[in-house]
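Following the hints, position chain X against chain V.
The chain contents come next:
Number of protein chains: 2
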Amino acid sequence: MMTTFSFDLKKTDGKARRGTLTTPHGVIETPIFMPVGTQGTVKSLDPVDLKEANTQILLGNTYHLMLRPGSELVAELGGLHKFMAWNGPILTDSGGFQVFSLAQGEARGEGSNVGGSLVKIDEEGVTFRSYIDGSSHRMTPEDSMRIQMNLGADIIMAFDQCPPGKSSKAAVQQAMDRTTRWLYRCKDSMTSPHSRLFGIIQGGIYEDLREAHAKEITQVDLFGYAIGGLSVGEEKEALWKACGHTTQFMPEHKPRYLMGVGTPDDLLDGISHGIDMFDCVMPTRNARNGFLFTSRGKVIIRNGKYQKDTRPVDENCACMTCKTFTRAYLRHLYKSQELLYYRLASLHNITYYLRLMEEAREAIERGEYARFMAKRKAAHRGE
Amino acid sequence: MMTTFSFDLKKTDGKARRGTLTTPHGVIETPIFMPVGTQGTVKSLDPVDLKEANTQILLGNTYHLMLRPGSELVAELGGLHKFMAWNGPILTDSGGFQVFSLAQGEARGEGSNVGGSLVKIDEEGVTFRSYIDGSSHRMTPEDSMRIQMNLGADIIMAFDQCPPGKSSKAAVQQAMDRTTRWLYRCKDSMTSPHSRLFGIIQGGIYEDLREAHAKEITQVDLFGYAIGGLSVGEEKEALWKACGHTTQFMPEHKPRYLMGVGTPDDLLDGISHGIDMFDCVMPTRNARNGFLFTSRGKVIIRNGKYQKDTRPVDENCACMTCKTFTRAYLRHLYKSQELLYYRLASLHNITYYLRLMEEAREAIERGEYARFMAKRKAAHRGE
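Chains as they are written, first to last, in this note's numbering: chain V, 919 to 1301; chain X, 919 to 1301.
Chain V on its own, in the form it takes in the complex (with noise of 0.2 Å):
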């Protein structure tokens, strides 16, 4: 296996970059949209289907996946590329994302409802109840890289403590704090030549935080650094000023990843404020349950107006479910639960946010980027 790790960033515009990762596993092209594969499968989707929407790289969740089917298993077959027949890059998450918002009953993974899940955080670690059959976890930053190297990523993030939206300042800085010592646990624990390691800045909403946090954190020579703690129920405006303020003080010339964001509006937002990689159970989640992404909005598929609609979902889209069926057949598979409806609706929102980001990379390559957010947000609109 090659252990080449690169990022070349080959073009700004404005704030908007243009780069390419490159990993053991494929060249990644960015800004780039990573779906999300919480039990070792992008919901409904194979890996065909992932190629065919051009999925650059995938994002796994090391909590769901240590609690099943466990690490040392997946590693003992190969690692969850192979696992999951998925040749492609792939980032894991620490896993603390998910323990933490357990405890506030608000999972981000694909496919965990259940909170108020016990969960006790010390210096050394944090002790969860597994969202499956409740039994005892301990999980520490040495833990969290020794999982994520058993599931063999090729980029693997550090463990952080993330405290939830609306937290007081003082809990911030606790957790920023506690995050860079466990950052320094987990860089040493950071021994496979096959992954790389990307830290994580926290500081909420307060700029004075995430300017001290991004210091900190980009002080650790790393591959790249992502920008935690956003995206958990804070105002959308307070968002991107703490997103605009933290990227100044990123390296020009490493990735950087806003975590767990968003909507297609968001990306665009973000991108134009210089995030170079995203991920979100949106695109899929909002599929399952019927809210379908176009070029000109969204199509909430079981109105009643569908029922007769023999155009495709987005007659701009060039995915399979697009290509072969109708408004009215999605609608009727929806309103009868089949489990075709399923894949369809998450191969074309999967689609469709993969077009997006490659539409956005030619932008700025041509350097209109700006035009071009402008103009996909107001067809968003329906403008």
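Careful: at least some of the hints might be erroneous.
Copies of one chain are not kept apart here, so a pair can be met inside one copy or by any two copies together.
Stated by the list, open to error - Taking lysine-lysine and the PhoX-like style, the derived pairs with C-alpha atoms no more than 20 Å apart in a straight line are:
#, residue 1, residue 2
1, K1226, K1000
2, K1226, K1216
3, K1084, K1216
4, K1293, K928
5, K1087, K1216
6, K1253, K1000
7, K1241, K969
8, K1133, K1105
The hints are simulated quantities; they were obtained by calculation from the structure and are not laboratory data.
Please read these numbers as outputs of a predicted model, since none were measured by experiment.
Relative to the frame of chain V, chain X by itself:
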């Protein structure tokens, strides 16, 4: 559209038959198994999956489609083929079986588990309640024909009365006589040049009734004939005795369809009794419940012994599931109730059924069907 229909019996081997059935949507090599697409989709599979599994003809359920989305809507949208983007042949059942089996709380279609619905049968037709919303519906032989013509199936089934498996001889006789009277009404109202009608032979497990009804039904000049009223709760031995007794009174040069059967071994038995066509929800329903058919018998994928099993479900299978994924991964998906599992498992089981039919056809062509059947049954028992 071509309106050519024909059946060509190419070879016999004992009672087993090798034929070709031509319809406007394509040629079907028999013996053949028809995957069941209850609600305008074979659960979890798309048309490309079905083609890859070597599907030659699908079955659609009139009962489900008339209630949702409604046959007029399907007609307006261009018919069932276009609606579901399946350009191969389709056979629709009459709706009668589901109506009657719902009265007994055991619908054979995929996805209808609502029992105890009120069903009233009279000479004119049947009154029943929708399994979706409890609304009252009326279906006569004329309605069934109209609905099936709306759907635009290549092969349309006569509206028959199928009595429960353990009915008294008098009750079977009554249902059988009514089925004959209804067949004449069906034939009179079957006006589409794009479809052909199959009659259904009833008579339960009573040999004299089977003989009498086979003679009555086959006296009507139709494109093909089906054996109904079996696989409804009677013993296997009684089923095959009744089936074998019936086929001898069926015309040699018309296709013979045994409705609602069955396991892989049942298909082998049916072929040995001179059956050309089969349908059953078993491969797809069993797939979803974790039962996978293989050349060496059943794989119950939840079993712990598959936890680290890196073999495909069936080493002799060329389906995408077996070419791509391990038993260990499928077990993980099944236990995690992941949507991808249902598709991968259904694709495999349907492929298995259709490959078995292909091998049966080859065995008949070689004049070795009996030997082939014995060998396959032994393999299914794990011998």
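Evaluation of the provided hints:
no. : hint          : verdict
1   : K1226 x K1000 : between (43 Å within a copy, 13 Å between copies)
2   : K1226 x K1216 : within (18 Å within a copy, 43 Å between copies)
3   : K1084 x K1216 : neither (29 Å within a copy, 53 Å between copies)
4   : K1293 x K928  : neither (24 Å within a copy, 64 Å between copies)
5   : K1087 x K1216 : neither (37 Å within a copy, 59 Å between copies)
6   : K1253 x K1000 : between (36 Å within a copy, 19 Å between copies)
7   : K1241 x K969  : both (16 Å within a copy, 17 Å between copies)
8   : K1133 x K1105 : within (17 Å within a copy, 83 Å between copies)
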